[in-house]
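Undergrad: Sequence:
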Amino acid sequence: MIPNRCQYSENIKQQKQTRIEIPLEENQPTSKIYIQDTQVIVLWDTGATDCYIDLDMVAKLDLKKISHKQPINLRMFDGSPSKAGPIQEYVETTLPLNLQSQAIIAKLNITKLSGADIVIGF
Numbered sequence: 001m002i003p004n005r006c007q008y009s010e011n012i013k014q015q016k017q018t019r020i021e022i023p024l025e026e027n028q029p030t031s032k033i034y035i036q037d038t039q040v041i042v043l044w045d046t047g048a049t050d051c052y053i054d055l056d057m058v059a060k061l062d063l064k065k066i067s068h069k070q071p072i073n074l075r076m077f078d079g080s081p082s083k084a085g086p087i088q089e090y091v092e093t094t095l096p097l098n099l100q101s102q103a104i105i106a107k108l109n110i111t112k113l114s115g116a117d118i119v120i121g122f
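Each residue of the sequence shown is one higher than the one before, counting from 1 in the working numbering.
One or more of the hints may lead you astray.
With a straight-line cut-off of 25 Å between C-alpha atoms, the simulated BS3-like cross-links for lysine-lysine are [stated by the list, open to error]:
no., residue 1, residue 2
1, K107, K83
2, K65, K83
3, K112, K60
4, K65, K112
5, K69, K32
6, K32, K60
7, K69, K83
8, K107, K32
9, K112, K69
10, K83, K112
11, K65, K32
These aren't lab readings, by the way, just hints derived from the structure by calculation. All of these numbers come straight from a predicted model, not from anything done at the bench.
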């Protein structure tokens, strides 16, 4: 039997809360993650070769940007180049993965996304 929802929460400094909700339903590869009390929509993409975050979400969360040594050319699933152009920067953040408080440090390339705030490729 598959549970309808997994939840994770952890109080962090300044009473801000980070939590993750993963609805386990057919044909729904997205999750809601709360970072600094801000809802973030995550798309779990088995076809993506990397992880990405929307430029507007980086600004909204006031995340520190790190410059790539060289720009990265991003190609869409159909092979066409990204309309946002090459990726110049990324952020590093901690993402909770399960109810046992395990997390990974994720490197999220900054680009313009549509339909999700973060794309996790795996």
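Undergrad: For every hint, state whether the structure bears it out.
TA: Evaluated hints:
1. K107 x K83: Holds, at roughly 21 Å.
2. K65 x K83: 21 Å, holds
3. K112 x K60: Holds. K112 to K60 sits at ~14 Å (cutoff 25 Å).
4. K65 x K112: Holds: K65 and K112 sit about 15 Å apart, inside 25 Å.
5. K69 x K32: With Cα atoms ~32 Å apart, K69 and K32 exceed 25 Å; violated.
6. K32 x K60: 16 Å, holds
7. K69 x K83: 21 Å, holds
8. K107 x K32: 19 Å, holds
9. K112 x K69: 20 Å, holds
10. K83 x K112: Given that 25 Å is the threshold and the Cα spacing comes to 9 Å, the pair holds.
11. K65 x K32: Holds, at about 23 Å.
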